[in-house]
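Here the protein sequences come in this chain order: A and B. Following the working numbering, the numbering of the first sequence begins with 1 at its first residue and continues without gaps. Following the working numbering, the numbering of the second sequence begins with 1 at its first residue and continues without gaps.
In case anyone wonders, no lab produced these hints; they're calculated from the structure. A couple of the hints might just be wrong.
[Said to hold, decoys possible] Covered stretches of chain B (chain A as the covering partner; in silico rule of three or more C-beta atoms under 8 Å from a C-beta of chain A):
#1 66–78
#2 93–99
#3 149–158
#4 162–169
Glycine residues also receive a C-beta, built at the ideal position from the N, C-alpha and C atoms.
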Amino acid sequence: MGIADGKGVLRKIAFQLGDTFFRFAVNPDNMVYANPHRTTAVKTKSRIIIEDFQEDIPTVTISGTTGFNPTGVASDRGIAKIREMKNFLAKYASMGGNGNKSSADFYFHDFTNMEHYVVHLSPEGVNYTQDANSPLTYRYDIKFIILRKAGEMDPDDMASPEIGNRFPTLPNGSAVVGNNGVGSGVQDGSGNTSDDTPYDPSSGNDSIYNKDQGSNYVPNTSGTAVNPQVPSSNAHSLGQTGLGYALGYYLRNNGGGR
Amino acid sequence: MKYATDLIRLISNVPVLIDGTVPLNQVEDDPFVSILYTPTYSLSTVARLTQNLLNNGKIEVAQETLDETTLVYKAFNSNLASAFPSMYTLLRVVALESFSLLYMIDNDPVQLQYVSKKDILRTRENLNYLADFFGTQSDYHHFIQTMRDMNISLGYLQNQIEVIMSERGVN
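So that you can see chain A by itself, here it is in the shape it has in the complex (with noise of 0.2 Å):
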């Protein structure tokens, strides 16, 4: 049973599911946190590098036995404790599939060190053995992997929310040439700013188009119409060049080409 005084008893750890809990009337035999680094050591001929991606996946494994008869009340004894965290565990993990964990979050209780932690099933999962040197009894192995404490938030139902259109139509003001943001609300002596002009279409613009992607493609900068219908060396050298630039056969800043 759990460690007790005569009055009280101490219950190590308990895992919860919703509002369902499951308690140990043994404590666990073994309790093991792990803590791994992501860190790569490569021996260089001079010295050691260190490369390093913060903290890897943390585990925590507990093992013990469900015990024989530990309190006298028949729901504590170790073949019905066996079979209620088989089912508690098996319930869980039926929760998920298709690629989902179960949406409702598995905690794992440790009172005594005051952790709470919310946590998973590891591919290793649980393992349940029956041994002829102690007929009477069932030993677990579990191991979960903490997917964060018990306090924080699920990082699914945080939002990121963006606020504005990220890739506007029309340029803003900040990219006019000449006015490169800094400074883009100084007023002149009659007090306009440059963002007060508004775009004139008679005005041919030529920077309206791809506005702030750079410009893509200019189907013809001579000023003469090329009809694509028609066989003509300006017309696919026109095409090579704008589906060249487009899918990134072409480099840009050599002028084209490698």
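Given chain A's structure and the hints, the job is docking chain B onto it.
Only chain B this time, still in chain A's reference frame:
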């Protein structure tokens, strides 16, 4: 001539069956249905030829950073591959088709005899389908501009294959 690593990474290993169709994972949820465009999950002859070159390591790569406006950059800097795998596959098909066309024009114009106007029209239809889909997802709006540019460019090329061949001295 060398090509950017990312570009080659995107177009390499596009899964293809022996008849040229690109297999899809059928488990995926409802596919996007465009009112105007129907996608074709298949590769043209010239794309298959380019795949052979890629598989045999005949195409050289260079470690170059691509411009943010390019399709390749956008494909690798979005979650399209994990969120919409079939769309991502189609995007790779389109990229491979476009690359094949440009590669053959530059390096082996004789192979252009296998390019038909229908192949280009099919790629354009796929591009339009993708652009239509991207229009429904605000995260992918920035793709559309590149899609449109590619569509226009392919439009310029589709009637010019014979001109290119005769210019390159291939009859």
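- Item | Violated hints - listed by number, lowest first | none
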